[in-house]
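Colleague: All chains should be built: construct the whole structure from the sequences, respecting the hints.
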Amino acid sequence: MPGLQQIRYASLHDVELAGHAATGDRRAFGELVRRHGSAVRGLLRRMGAAPAEADDAAQDAFLAAFERITEFRGEGTFGGWVKRIAARVYLRRLQRERRLLAVLAEGAAEADPAPRGEGDAAGLIDLDEGLKGLSPAERMCVTLCYGAGVSHGEAAEALNLPLGTVKSHVKRGLEKLRARLAPGDGAALEGRRGNG
Amino acid sequence: MAEVDFERRIERLFADAPAFGDAEAFAQRVERRLDRGWATRRVLIGFAGVVGGVIGASQLVLSNFATDVQAAAAGPARLLTAGVSQVASQSDWMSALTGAGNVVWLAAGLAGLAVAFVITRMIEEI
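Residue numbers (our numbering), protein chains in the order written: chain A, 9 to 204; chain B, 4 to 129.
Keep in mind the hints are simulated off the structure, nothing from the lab.
Be careful, since some hints might not be right.
Calculated lysine to any residue pairs in the SDA-like style (CA-CA distance at most 20 Å, straight line) [claimed, not checked]:
{"hint": "1", "chain 1": "A", "residue 1": "Lys140", "chain 2": "B", "residue 2": "Ala22"}
{"hint": "2", "chain 1": "A", "residue 1": "Lys140", "chain 2": "B", "residue 2": "Ala18"}
{"hint": "3", "chain 1": "A", "residue 1": "Lys140", "chain 2": "A", "residue 2": "Ala110"}
Modeller: Below, the structure is given as structure tokens:
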């Protein structure tokens with residue numbers, strides 16, 4: 009049975025909770041973790057992290073977010089803010105362990121045939137299945153741009169790749185996803201995200 | 004237009020967080036790590052305070068603080084008994100006090116306390 013304080017926190021908006029957390033209130037920040045933990049963990053798994061590694065990186069990301077909570081001013085969503093932190097934490101981890109280049113150089117996995125999407129409820133399953141059919145670099149770029157909300161330019165900087173390469177990965181990744189999620193519509197995709 | 008629609012759809016799919024059965028356990032692990040970090044910080048602050056206090060106290064003791072206090076107390080007492088007409092003797096007492104090398108140690112002790120305070124505040128900020 010949740011305590012009174014937890015019930016009180018559950019009724020607060022993210023920005024209010026972040027304000028409490030900025031004063032050192034760790035329980036308020038815990039409520040933010042409850043709300044956004046799954047999204048962050050899911051994002052990191054979609055970037056290609058193994059479950060245990062994704063959870064470790066997600067924990068580190070939330071701790072980093074707590075340390076920098078005063079920088080969150082409510083201009084965007086807290087979820088988007090913490091996802092960008094998590095993506096950077098995971099990429100730094102890969103760079104520190106000298107695995108980033110190897111990950112980006114890996115070829116596409118052999119994708120299992122996936123059920124076709126019948127709408128977004130079924131598409132949720134399809135997205136994770138569809139991502140498995142992308143190369144690690146494509147998966148990383150697509151997830152960074154569409155899951156973490158970073159621009160192509162920011163993704164290029166974070167991955168230490170040329171901007172054109174990132175755009176190509178995104179374009180190919182989206183084409184593969186489209187083929188798997190919505191067969192029959194083979195029109196080429198032009199990446200429209202990012203600031204070039 | 005179809006491309007934009009598809010991109011919107013992809014964004015929506017990414018925005019839908021997968022459900023994890025251990026979501027509560029994950030949140031509790033993060034909270035425990037936050038608590039642990041906070042406890043460590045408090046220990047460091049306390050340790051810095053103790054170290055600073057010991058350094059300051061040792062400086063005060065080494066500077067014969069008690070003797071200085073006695074001298075300082077004796078001076079005004081003499082002044083009171085001597086009366087207002089002997090104000091000149093106050094300047095003698097002051098010059099005697101500032102001339103003492105122990106005052107340097109006293110100042111060093113206070114400076115040590117100030118440094119300890121600053122370090123404590125810095126650690127608290129970190």
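Colleague: Lys140 (chain A) and Ala22 (chain B) were given as a pair; does the straight-line alpha-carbon distance stay at or below 20 Å?
Modeller: Roughly 19 Å separates the two Cα atoms, so the pair holds.
Colleague: Just to be careful, I want the Cα atoms of Lys140 (chain A) and Ala110 (chain A) compared with a cutoff of 20 Å; is the pair within it?
Modeller: This hinted pair holds, its Cα atoms lying about 17 Å apart.
Colleague: Does Ala18 (chain B) sit within 20 Å of Lys140 (chain A), going by the straight-line distance between their CA atoms?
Modeller: holds (18 Å)
Comparing the model with each numbered hint stated earlier shows that all of them hold.
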